[in-house]
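Starting from the known structure of chain B, fit chain D onto it as the hints suggest.
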Amino acid sequence: MHLKIKHLLFILIFAHCLILIPGNNCLSPTPSLAQQSKQSKQHEYLLKSVFMERFTRFVQWPEPFIEKNKDQHFIISVMGPNPFGDILQTVFSRQPIKGKPVEIRLLNTLSDISECHMLFIGKTDSKSLSNIFNYSKKFPVLTISDNKGYAGKGVHINMYVENEQIRFEINKTSASASKLKISYLLLKLARIVETKGGQN
Amino acid sequence: MTSLFVSIRAKLIAIILVVALLTIVPVYMLSGWLQYQSLKNELAHNILINAKVVGEYCVSPLIFEDRPGATDILKKMAHVAYIQSASLYDKNGSIFSFFARHTETAPPPEAPDYNDGYFMGSTFSIAVPVIYQGKNYGTIVIQAHTNEIIKKTRSFYLTLFPGTLLILCIAVFLAICLQKQISGPITHLAGITRTITTQSDYSIRAPQGKNDEIGYLYSGFNNMLEHLSQRKKEQARLENQLHQAQKMESVGRLAGGVAHDFNNILSAIIGYAEICLLDIDNTSPLYENISTILESGHRAARLTQQLLAFSRKQIVQKETLNVKKEIDNIIKMIGRLLGEDINISVIYGGENFLIRADRSQLEQIIMNLSVNARDSMPQGGKLTIETEEVIIEKGTLNYHFDIAPGDYIRITVSDTGEGMSPDILEHIFEPFYTTKEQGKGTGLGLSTVYGIIKQNNGDIDVYSESGLGTAFKIYLPRVYDASDEESISRFKAPMDNRICTETILLVEDDEMLRKMLEKTLSSLGYTILKAENGKQGRTIFETFQGTIDLVLTDVVMPEKNGIEMAMEIQRHSPELKVILMSGYTENAIIPNNLSDLNMHFIQKPVSPRDIRLAVQNVLDN
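Residue numbers (my numbering), protein chains in the order written: chain B, 1 to 200; chain D, 1001 to 1621.
Think of the hints as simulated: they come from the structure by calculation, not from any bench. Values in this document were obtained by computation on a predicted structure and should not be read as measured data. Each residue gets a CB set at the ideal place from its N, CA and C atoms; glycine is no exception. Incorrect hints may appear among the rest.
[Unchecked claim] Derived DEER-like restraints, expressed as beta-carbon distance ranges:
hint	chain 1	residue 1	chain 2	residue 2	range
1	B	164	D	1131	29 to 35 Å
2	D	1103	B	94	39 to 45 Å
3	D	1104	B	94	31 to 37 Å
[Stated by the list, open to error] Chain B stretches covered by chain D per the calculated footprint, using a threshold of three residues with CB under 8 Å from any CB of chain D:
hint	stretch
4	49-57
5	186-193
This is chain D alone, in the form it adopts within the complex:
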């Protein structure tokens, strides 16, 4: 049911009217009643006095038994309008004398008991003793009509009625005038609310109210609007952020997919180029060309690495790193890279800041940011690298960061360069976005940094002031356990002139790459068993009569992936050594404890040299 719309104005007027009616009408009635009562009292009092006076006058007629004299006195009562009858009784209670306005009235023959007067119907009766000098000579009874009182009360009501009506009219008038004081501001507020909702304009504000509830209502309303606008802004910002994140995610996915296929192709290009170089003399005119192909292949491989880093699909080898040590190492390398115009200063917030990350990725981050800083300072300047510990508390509004609360190490890389405009800042982490001249930058530097940091559960914040410089702030989760610091071993230098006779099961779905690997390894003397996928690889392993010393397998393959296959095989032969090859981790779970599982990992694209080193290292250990 929809309730009828009744304006607050009407309600207020109605309330005031009801209150006025409820007070004025009873007062009106009450005053009439009081008037009636006082008239009654007055009547009773008058008659009592009359009775006493007349009674006293009647003493001598009673004593001298002068009935006409008594009647004469009683007849004087005719002057008092409301007295109907008066009767005088002697001390024996017999009627002595009587007067009545109307002749038909008869006196009661016996004297009633004395009383102070009582009303019965429209008659007032009183019976008082006739006392002279303490002696009782009889009784006088007077009866009076109350018509007079009723008439007077009625006329009192009639006199009062116009006044009461006037007061009511004034109440209505005042109600109409005064209700504006209350309903006005509320109606005004309602109008503002309506405007805001219909026009969706949240910049409208209610005017400053008085220091009362309505004033508080206004200021509260304004506060709410303020909050609402802030929320709206915040929502827009978050939506934008989400949009940005989704964009980055999809671009990353695309880049990762492209990089995966590229890795295989590049492996073949680099592999065959290296094999070619082994076969030809370095004086041959082809040598230069093939070297160029190899070099380009390597460059392309680096590019795919960056793409993978950005798309967070790079296989990482996380270790606990001391930030100070790592930065010290990096500074040594980048000193040359940045040139003499750049003054590098490093401020350490502490000695033992540990993070868990891939060393080369950390290098890459610092390197990329430093190179960017250098590029923004063509005239030279100051590059500052600063480390600090930061605690991001739970519950703190931290719209900058998309990270869990906890302890973080912040690495700030700041320069005194040109800075960036907000328009540019919005896009800097997108891949292939560059402000540099064509050919000077890939547009992958910062997106790589972004991808790596996200992969390490950290965040990056950029602050830039046009003309003053830029500061990148990297947040990486802090760790306190240094147990496995630098525990990861790297493949050691190759041992030359080694006789290779072991049997290797090669599982790779990419035919070109498989052929290249087979060619490389078999040229070294290894016996190679080939399989196109995990399922096939397992069948070969089970049916092969001889001993298989090593399984070299791709990770992402149709039918059965490399890790699954390797784990199944290892269940039968726990001592079997496995090398996993991958450049891409999607849909593949690379266990963290590879070394415990007797498994090793090699990053794609693989060059013949890489593969040779890896295989020899694994077999020798």
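The following block holds chain B by itself, in its conformation from the complex:
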């Protein structure tokens, strides 16, 4: 039943997303990628971290998972190379998610994934990525990345830059297979992709 409703919602959202035309004045000030300066890179990741918080507004974690971490922090983990530097710590030190203070963890082992809510996956090799996905899909963990093609590989939300704007794509297959509930309203703004290569 739950799956069925989700399915329907996806179809609905898909129709909307097809006609979603990107504007030219999304978040301002618009970062200029041409400068390639460190400052502009920092700005891009600042926006991405803001986006990450906004994603959480459209995602519902299952009750026991929340219960387990009751009165605890909302844990954002980063696996692989961390492109944010200390931006995440800076941004989330003042910005709670779902009324909880945010804890940023940098992970080295797969088993640590089980405790986090959101997992940012840095640029890694295909084998590691596959392992991460295989492990993380057992838990209600929202996987986010900003590498080209990662959405097709199974990450839930993959951010990318288009016309100097940050946009995102959502993997319909992995999102619906996850233990998370992602609102159709988020899908409306996203580009929908499906898992390629039969990983899932």
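Here is chain D on its own, set in the frame of chain B:
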């Protein structure tokens, strides 16, 4: 002003039409209005839903500040025909995204307050918050045109119009058909009324109606007609009765007038005949002739008495009579008269039935009716005389009788004779009307009875059945006081060989009679003073030197009547004795208390014997 004639049919149709119009048109208008209202509500509801749905879709563009995405969503509103513009505001109230069907439309820069939608002119506006998971992200405002609704309402009216017209036409048709149910009987009744009034035919009746108001109207109308015809019949009967009474009255007047003069003439004939008889020997051949003249005179006198009785001008001496005693006496007399073939039976309803009447008149009534009964039973039969007490109550419809309410004694004289036909019954009380052979009856018998009864404030009713018999019913007022029963004295037997020396004043306008009276009285020895009228009589009384013992006067005279004169004289000489002579009472008031006034009365025609007896009696007392 004469009001225009509008038939009840037209009125009914008009009423039904007006009622139909007054109900159908408002219903028509109301249904249109309701339709308009429901369309408005529907519009408001639709737009509210649209606003909420679109608002929800706009949550993510608002969160991710995706203005093109929001505009994209708002543009979808173009599919909804009546939506004119949609604007999205962020949570700070600044315009975020806008869509308008017509490019010239500009959005209000500031977000309006939230509302559930309102109509202003031809525009509907609504402003709803954009809420996601209990959090407010902004406002969405939608404006819609109501032209569509107006157009729809108009088309609704147009669709409904033929139906409404059809219903109205049906109403008119039904009105025309159904009004006959109501107006038909009324129009019919009006037609009957018109026929009755134009043709004066009161025998026409309305048909039997249904059991409703019109039915009652019909039966009431018939009842009224019934009453009217009865009244008409009654009126005709009363008119006839009045006519009859007037006829009797005029005949009576004539008879009375004739009788008055006859009395004087007869007095002279009888008087002179009697004087002649005194003068001649009874062996003389003239004696027989004069006796015959005398006898004829007496017969004529009886006839005038009857005429007077009929004309109610007879001087009566009323006394209280016991009906039983009187009838007993009369039966003794009439037994012989009726013959052996007639069986007489008398039934008394009571012992003490008293009436106030003249004894001889009562005798005459019973006698006349009995003789009539005998004549109707030539083969013999049964004569029944019955007395009863009857109370005629006030207010009871009693068209038979022309008498006042009160207690009455009814004397019924019935026979088992031939009876009479209605034609004859109509005339029996008229004088000189007779069914008997010429010479056998005078035709005055029943008219005398009638006159006497009327004179005594009574009435007579006759009931006859051809071949079975006739019953006369006499009603006479009952009295309860027996004080003066048989108190009236009659002149006593004459005292012969009396020496008559008294002086008598004789007042009589009829010369012949005066001479006869003078001759009679002076032959007896009285001194006679003569006068032609009351005035002259009084003068003589006042100028006469000697004593006048008695005044003998006629009542009806020119100049001054006898009673007036006698009363004037008596004022001077109260002891003076007076004898009044009259056969006729018109214009003369004969006081009831004659004996108290020291006056006496003698009925005309007077014979010398009568006058002698009267004078002697009065003078001796």
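Here is what the structure says about each hint:
A hinted range of 29 to 35 Å holds for the C-beta pair residue 164(B) and residue 1131(D), which are about 32 Å apart. Look at residue 1103(D) against residue 94(B): about 43 Å separates their beta carbons, and that is inside 39 to 45 Å. A hinted range of 31 to 37 Å for the beta carbons of residue 1104(D) and residue 94(B) is inconsistent with their spacing of about 45 Å. Only residues whose C-beta sits within less than 8 Å of a C-beta in chain D count toward coverage, and the stretch 49-57 of chain B has 3 of them, enough to reach three; the restraint holds.
Only residues whose C-beta sits within less than 8 Å of a C-beta in chain D count toward coverage, and the stretch 186-193 of chain B has 3 of them, enough to reach three; the restraint holds.
The structure does not agree with numbered hint 3 stated previously, though it agrees with all others.
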